[in-house]
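K.L.:
Heads up: the sequence lines are chains A and B, in that order.
With the working numbering applied, the first sequence has no gaps in its numbers, which climb one by one up to 113 at the end.
With the working numbering applied, the second sequence has no gaps in its numbers, which climb one by one up to 112 at the end.
Because the hints were derived from the structure by calculation, they are not lab data.
Cβ atoms here follow ideal geometry from the backbone N, Cα and C, with glycine treated the same way.
Some hints here could point you the wrong way.
Stated by the list, open to error - Residues from chain B that face chain A, not an exhaustive set, calculated with beta carbons under 8 Å:
no.	residue
1	16
2	20
3	42
4	79
5	99
6	100
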Amino acid sequence: ETGVTQSPTHLIKTRGQQVTLRCSSQSGHNTVSWYQQALGQGPQFIFQYYREEENGRGNFPPRFSGLQFPNYSSELNVNALELDDSALYLCASSPGLAVETQYFGPGTRLLVL
Amino acid sequence: KQEVTQIPAALSVPEGENLVLNCSFTDSAIYNLQWFRQDPGKGLTSLLLIQSSQREQTSGRLNASLDKSSGRSTLYIAASQPGDSATYLCAVEGGATNKLIFGTGTLLAVQP
């Protein structure tokens with residue numbers, strides 16, 4: 001167990017809808033990163049939050065947005081869902097920005113129909 | 001732009017065999033390299049973390065090496081077991097953010 005939880009575990013949405021995915025990090029972990037993993041691919045970096053501020057973003061459009069809260073929880077929001085958004089969404093937390101091991105949650109499987 | 005490649009994409013071996021998984025990356029300016037294990041539909045479990053100044057790390061039957069200058073890493077699994085069946089991902093970290101760049105993984109099946 002990594003101490004990182006995600007909800008929901010599975011989700012089905014239709015194209016054009018909006019979705020919110022949640023992540024709960026370990027206490028004291030000030031950094032959370034989100035990754036998208038399409039079927040058969042490695043995870044791709046979406047963005048990172050450090051102490052509630054965005055601290056780096058991958059090659060994802062603005063309809064992917066996030067929030068991080070003081071209680072070590074965070075959200076990934078995706079607007080105007082597209083079929084290609086179907087993937088496993090992973091969050092990972094770490095105590096700070098220094099080089100260290102990130103702890104991954106189990107992921108949320110999103111299916112867009 | 002950093003690119004990470006893993007070979008082979010899939011591997012099937014009989015139980016007890018020793019095996020090597022390969023990972024290559026295009027930009028040698030990395031902070032570290034990690035090997036992860038992913039079971040079907042699950043999140044990632046970190047197996048080994050090699051800092052850029054290190055050459056290898058060992059944990060039980062696993063040994064990972066890093067050659068920054070050639071942009072290569074290998075994961076050696078000794079005496080493979082059916083429980084080792086999973087997808088193995090390597091990832092490099094570089095840049096100001098704690099951002100990992102992953103390969104596409106090697107799907108390992110160990111036959112009893």
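K.L.:
Given residue 79 of chain B was flagged as interface, is its beta-carbon under 8 Å from a beta-carbon of chain A?
P.N.:
Violated, because the Cβ-Cβ distance from residue 79 of chain B to chain A comes to roughly 26 Å (cut-off 8 Å).
K.L.:
For the restraint on residue 100 of chain B, tell me whether the closest CB of chain A is nearer than 8 Å.
P.N.:
This interface hint holds because 7 Å falls under the 8 Å limit.
K.L.:
Hint residue 42 of chain B vs chain A: min CB-CB distance below 8 Å?
P.N.:
Since chain A brings a Cβ to about 6 Å from residue 42 of chain B, closer than 8 Å, the hint holds.
K.L.:
Is the shortest C-beta separation between residue 20 of chain B and chain A less than 8 Å?
P.N.:
It is violated, given that the least Cβ distance between residue 20 of chain B and chain A is near 19 Å, above 8 Å.
K.L.:
Interface hint check: residue 99 of chain B, Cβ to nearest Cβ on chain A, cutoff 8 Å. Holds or violated?
P.N.:
With a minimum Cβ separation of about 5 Å from chain A (threshold 8 Å), the hint on residue 99 of chain B holds.
K.L.:
Taking the least C-beta to C-beta distance, is residue 16 of chain B closer than 8 Å to chain A?
P.N.:
violated, 28 Å
Checked against the numbered hints given earlier, the structure breaks hints 1, 2, 4 and satisfies all the rest.
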